[in-house]
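> Here is what each chain is made of, one letter per residue.
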Amino acid sequence: EDQVTQSPEALRLQEGESSSLNCSYTVSGLRGLFWYRQDPGKGPEFLFTLYSAGEEKEKERLKATLTKKESFLHITAPKPEDSATYLCAASNSGNTPLVFGKGTRLSVIA
Amino acid sequence: DAGVIQSPRHEVTEMGQEVTLRCKPISGHNSLFWYRQTMMRGLELLIYFNNNVPIDDSGMPEDRFSAKMPNASFSTLKIQPSEPRDSAVYFCASSFQGHYEQYFGPGTRLTVT
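Chains as they are written, first to last, in the working numbering: chain A, 1 to 110; chain B, 111 to 223.
Possibly wrong hints are sitting among the right ones.
Label pairs and their in silico Cβ distance ranges [stated by the list, open to error]:
id, chain 1, residue 1, chain 2, residue 2, range
1, B, E193, A, I109, 26 to 32 Å
2, B, G169, A, G41, 37 to 43 Å
3, B, A112, A, P80, 38 to 44 Å
4, B, I165, A, N22, 30 to 36 Å
5, A, S18, B, N181, 46 to 52 Å
6, B, R174, A, Q3, 24 to 30 Å
Everything labelled a hint here was simulated from the structure, so no lab data went into it. In this text the structure is predicted, and so the values were computed from the model without any measurement. No residue lacks a Cβ here, since even glycine has one placed at the ideal position from N, Cα and C.
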């Protein structure tokens, strides 16, 4: 069964304290690994898609990387506005549902 | 583009009542997904459509749940009769064929008392 596991469940950082969120997956024939950000009371907001091991993508203070078994979301010098739940999802084909992890709830304290 | 639109944003109903949730996907997208999110189980797929045709409804909890997509710009998720355990946030998402990214609506928070 396809599965996505995220760790830690919650992470509390001081402003400027860099860290990484982990997403491990067991998906046969991975076609895409996705990162979303979800703010309270809102729908998940698309951040990145990674297609193959070794690929990296960046957006502001966020950088996502992918290996054959896991993905990392690196947060460099976070700010309080980066506080959110970050969701990881995987797909083994286009136009089919994503398998989501349960998310990492990030809090960045000023 | 307005993004994915869902209505209502909040719904409070009594057990046994019928509930209808509505979704308008992004114009031009031809895949539509209904998810349910709870603290315990996270995001779970309920059903998805490609080109208005239901492809996989294996995530629908039971026969009390039904979904339709009469045209490319509208879908409904109906619960009849509703039960307290159906309380959750229901999200609709859409994507364009050939692309993997799914774009989510703001969700409907359903409370069944």
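> So which hints don't hold here, by number, going up?
Per hint list: 1, 2, 3 violated.
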